[in-house]
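Enquirer: Each chain, letter by letter, is given below.
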Amino acid sequence: MNALDIDQVVKGIRDLPALPSIVLDLISSFEREDVDITILAEKISRDQALAAKTLRLANSSFYGLPAKVKTVKQAIVVLGFDSARALAVASSVIDSLGDSGSRQIDVAGFWRHSIAAALCAKSLARHAQLAQDHAFIAGLLHDIGRLVLATRFPDQYAEVIDNCARTDATLAESEVRVLGVDHQRVGQMLAEAWKFPPVIQRAIGQHHAPATLDLGDVPGVVHVANAMVHALDLGGEEHVAVPHVLDSALDRLRLTEDNLRDVCRETEAQFEEACRLLM
Amino acid sequence: MKRFRVVPMDKAQEGMRLHEELRDRAGNVLLPALTALTGTMIKSLLRRDVEALLIVDDTITPEQLAAERRRVQERFDYLYRHTESGRADVLVRKVVEEYRMEELS
Numbered sequence: 001m002n003a004l005d006i007d008q009v010v011k012g013i014r015d016l017p018a019l020p021s022i023v024l025d026l027i028s029s030f031e032r033e034d035v036d037i038t039i040l041a042e043k044i045s046r047d048q049a050l051a052a053k054t055l056r057l058a059n060s061s062f063y064g065l066p067a068k069v070k071t072v073k074q075a076i077v078v079l080g081f082d083s084a085r086a087l088a089v090a091s092s093v094i095d096s097l098g099d100s101g102s103r104q105i106d107v108a109g110f111w112r113h114s115i116a117a118a119l120c121a122k123s124l125a126r127h128a129q130l131a132q133d134h135a136f137i138a139g140l141l142h143d144i145g146r147l148v149l150a151t152r153f154p155d156q157y158a159e160v161i162d163n164c165a166r167t168d169a170t171l172a173e174s175e176v177r178v179l180g181v182d183h184q185r186v187g188q189m190l191a192e193a194w195k196f197p198p199v200i201q202r203a204i205g206q207h208h209a210p211a212t213l214d215l216g217d218v219p220g221v222v223h224v225a226n227a228m229v230h231a232l233d234l235g236g237e238e239h240v241a242v243p244h245v246l247d248s249a250l251d252r253l254r255l256t257e258d259n260l261r262d263v264c265r266e267t268e269a270q271f272e273e274a275c276r277l278l279m
Numbered sequence: 001m002k003r004f005r006v007v008p009m010d011k012a013q014e015g016m017r018l019h020e021e022l023r024d025r026a027g028n029v030l031l032p033a034l035t036a037l038t039g040t041m042i043k044s045l046l047r048r049d050v051e052a053l054l055i056v057d058d059t060i061t062p063e064q065l066a067a068e069r070r071r072v073q074e075r076f077d078y079l080y081r082h083t084e085s086g087r088a089d090v091l092v093r094k095v096v097e098e099y100r101m102e103e104l105s
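Same order as they appear, the protein sequences are chains A and B.
Under the numbering used here, think of the first position of the first sequence as 1, with each following residue one higher.
Under the numbering used here, think of the first position of the second sequence as 1, with each following residue one higher.
Don't read these hints as lab results, they were simulated from the structure.
As the structure is a computational prediction, the values presented were derived from the model and not from experiment.
Idealized CB from N, CA, C, for every residue including glycine.
Check before you lean on any hint, since a few could be wrong.
[As the list claims (entries may be wrong)] Among the chain A residues that face chain B by a calculated CB cut under 8 Å, a handful are:
1. SER96
2. VAL242
3. LEU246
4. LEU260
5. CYS275
Just chain A, with the same shape it has in the complex:
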């Protein structure tokens, strides 16, 4: 029996590489309205790696800014604080957990799928007039529980993969069968530990079946984005399947066929550049 108890999962999360304190500050600012952008810009500037990355992102063709940005404060002013914060958090999380050396999942494919979901969720959120940067982060981290399980519990996770291959069950079904917990729950626990806003925690924890009240919000967006990027097949992972999309999610988000077509185009147009910048 390989089922995990919650204490083991909590310990697994606690043993993950710590995020830099400036990134935890940025995460905690998601829910604050009184954010002092100047102070945060100074903090980012003091973290050389994060400052360099923020400038690289701001000056990339991803944003197509007409003039070169030279300081973190300029980057924040030009990109907008929400976008700059989302990109800084995204690149730090990928740096911290990115090369986790897992034998059980294709880590590059994992991040490619996650980045595609982030871009797709951001684009869907724009069409649904919701918080684009919350959607971007939630899309990026929606499957993070898979990475936690595969890196902290490699032997048990090998059984999950084996179960998937033998039975052609979905990953979440096999995780529950073998481990007693799935990647949604583990991802939500990590998002709680990192103190992301509750709506992002729920978007990660319920991306296969958001609660009814969340269908018209970021969790509904991430639910649709996950299916769309699996259908677009951008992750490059061989044995995957498109998950079910709730009719009520598209209805509550008021997304039309034309919106979805634009989202395909926007996601793919930015995808390779985003992978190059973030991975």
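Assemble the complex: chain A is given as a structure, and chain B must be docked to it using the hints.
Expert: Structure of chain B alone, referenced to chain A:
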């Protein structure tokens, strides 16, 4: 299969067709998709410091395209092997499939 190739600006030639619309860094459309380049356009793009163009690849044969369409169709069938056929599932599949096939038409 890519229906385009990346051509450095200094190798651009008259008659080459743009695979997609060309935009400047501010997002303004300079030329629409499928524009056939003229000498004047090439000079203008060089002046604007455009580095490379996505040019329609006319070397792909109809047989190669048909084979790629079959491969994409089979991949969709595989990716959707578990998926229930609710209204939203059908719509998402239709949109993405049309989007993919449009590239191969």
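Enquirer: Determine for every hint whether it applies to the structure shown.
Expert: Verification of the hints:
{"no.": "1", "hint": "SER96", "in the structure": "violated (31 Å)"}
{"no.": "2", "hint": "VAL242", "in the structure": "holds (5 Å)"}
{"no.": "3", "hint": "LEU246", "in the structure": "holds (6 Å)"}
{"no.": "4", "hint": "LEU260", "in the structure": "holds (4 Å)"}
{"no.": "5", "hint": "CYS275", "in the structure": "violated (16 Å)"}
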